[in-house]
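**Q** The primary structure of each chain is shown beneath.
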Amino acid sequence: MRSKKVAPRGRRAGGRVTHPTAPRLRRNQPQKKIVTPLPTVERVATGQIRNISVGALARVEGEGGIAIRLKGDVVQDVKVRIYEPPRFFEAFLRKRSYHEVPDITARICGICPVAYQTSSCQAIEHIFDVTVDGALRDLRRLLYCGEWIESHVLHIAMLHLPDFLGYEDAIQLSRAQPELVKAALRLKKIGNDVMVVVGGREIHPVNVRVGGFYRLPRLEQLRALVEPLRWALGTARELVRITAGLTFPDFTQDYEFVALRHPDEYPVHEGRIVSSKGVDIAVKDYESVFAEEHVEHSNALHSVRKGGGSYLVGPLARYNLNFDRLTPQAREAAEAAGLRPPVTNQFQSIIVRAIETVFAVEESLRIIEHYEPPAAASVPFQVREGIGMGCTEAPRGILYHRYKVDGHGLIQQAKIVPPTSQNLRTMESDLRAFATKHRHLPTDRLTWQCEQAVRNYDPCISCATHFLKLEVESP
Amino acid sequence: MSHGVLVIGIGNEFRGDDAIGLLAVRDVEALHVPGVRVVESRGDGARVMRMWKGMATVLLIDAVHSGSPPGTLHRLDASHHPIPARFLCTSSHQFGVAEAVETARALGELPERVIVFGVEVEHCVAGTPPALYAVVRDALLNAIHAELVSLDPSATALYR
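If you're matching them up, the sequences are chains A and B in order.
Our numbering puts the first residue of the first sequence at -19, with every later residue one more than the last.
Our numbering puts the first residue of the second sequence at 52, with every later residue one more than the last.
What the hints contain is simulated information worked out from the structure, not anything from laboratory work.
None of the values given here were measured: they were computed from a predicted structure.
A hint or two may mislead.
Unchecked claim - Distance ranges between label pairs, derived from CB positions: (1) A:386 with B:131: 58 to 64 Å; (2) B:185 with A:186: 27 to 33 Å; (3) A:228 with B:204: 56 to 62 Å; (4) A:271 with B:117: 40 to 46 Å; (5) A:367 with B:118: 46 to 52 Å; (6) A:367 with B:102: 37 to 43 Å.
Here a beta-carbon is modelled for each residue, glycine too, at the ideal position from N, C-alpha and C.
Construct the entire structure; sequences and hints are all you get.
**A** Quick look at the structure:
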């Protein structure tokens, strides 16, 4: 078999970009002027082998790719390859002091640093027996809401929506609907602003520490967020309306949903770990129920439920298990969208992200409006040895940390289980089912749809990118 | 519109040669060229679009994978022509810098002058040192400096 490199979908010299499939366009959208023929359209006779491979290089969240092998009408093999940084960070953290952990782990992901900081603080606070409550707890939740807003809106508008509207990428979407993109960027920025006010910085917040914060946000800075957040609430509801009006592929699967659940709140930074198939455990018992397995084709470990199989974390899981905990406007938006749980079509995760954005904005407003500055920016504690666990809801699903600390507060062992690696096996089974169902499509179109199926997960891997090098092995 | 120049270094300091953009702008900052402001970015395109708002001139320093030999220095004038889409190290759910340039262009928000310096990198593996930077440092800083001088000749005096 010969491997040949082809240009990404529908891209050609001269910089003009067209979409290979030019599917449903919404009304009032200008039709694209030119649809270029694709560089590879293969005719495949029964019995021939087709390999679909999407490999890529990427900066931040890791390098990964999709490989699907089709023989005739049978999908023979599906691999989501991922090379990700947490393994390096687990080693890097050893012998470091506990107080460095939130700042170091924040650098694992440029999109969800707060998730890494919060899970790591929680795990270390578990060891030192620290309880962060009252206004400090609220500030943590507020910081996290800021991250949900910026991460969700980025994914909805700039990465996922173009798929559904038939655009190659956010650039085409910007040309066709500039006002929508401008509004989305403004909404995302409000999430970032929340992170700056509470976390001190938007990319790697520097104000987070074990026990709370280094300094409290200034009251006038918090108050200045109220007006933008009120605007954000309306815009987020508009995003729910837009996404609910999209057309979705018929693709429902029997997932085991896993998310946090809290007695009073929609889960963000605290709760028990529950599943749609009966799991209900404290965070500290995570590893008695879930395990990581090595797989040959990936540097990442695949998570499974012990004695069970793959499971799904992320917006769909949170929503299905915590619909009754949504805030009033988020609930209203969900009802208006007609999206009742259980939602079992991962393509609809885009609507759930929009509903969760409404929630995060509403929750931010509630916290700011009720905020009374605490006496101190952090809770005092005594360093002691032990093992502690933390788990919070990163925008893309639960993020579990475990640390072993010695009597001097030095890290002896670190374990980090990111949401994307927990979803990897489910991603593969989605792809297997999806490729089987759509196996008669030409390779390029099937490749694009498979990428879209992976993008549903908002994964921390490069196969979500719109700029992929495709390698197709011809039979 | 500000007449100053914004130099944005893009990269990830934990991923080998991918740190080059960051290391370069730290060196540029040490030159203290008047009117030149320096910022670091991890590649969040939406943030880059906010950084350059109102600026007339922007230099972007980034790692590049385009198939040239490692250490090759590319200079792209993105002011009027699109950045070849796969030229920069774009990433997954990152809305990256190449996307930022083209989205800003589509929205009419691109600074008047956008120059990209791309260094062809070799190893971008987590936990490895940015070994290539020592090799390209002088050539890269000279190129950046020449660009700054072409924008404002008084910058020469400050480069020893």
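**Q** Next step is simple, just say for each hint if it's right about the structure.
**A** Now for the hints, and whether the structure bears them out:
no. : hint                         : verdict
1   : A:386 with B:131: 58 to 64 Å : 59 Å, holds
2   : B:185 with A:186: 27 to 33 Å : 29 Å, holds
3   : A:228 with B:204: 56 to 62 Å : 59 Å, holds
4   : A:271 with B:117: 40 to 46 Å : 41 Å, holds
5   : A:367 with B:118: 46 to 52 Å : 48 Å, holds
6   : A:367 with B:102: 37 to 43 Å : 42 Å, holds
The structure shown violates none of the earlier numbered hints.
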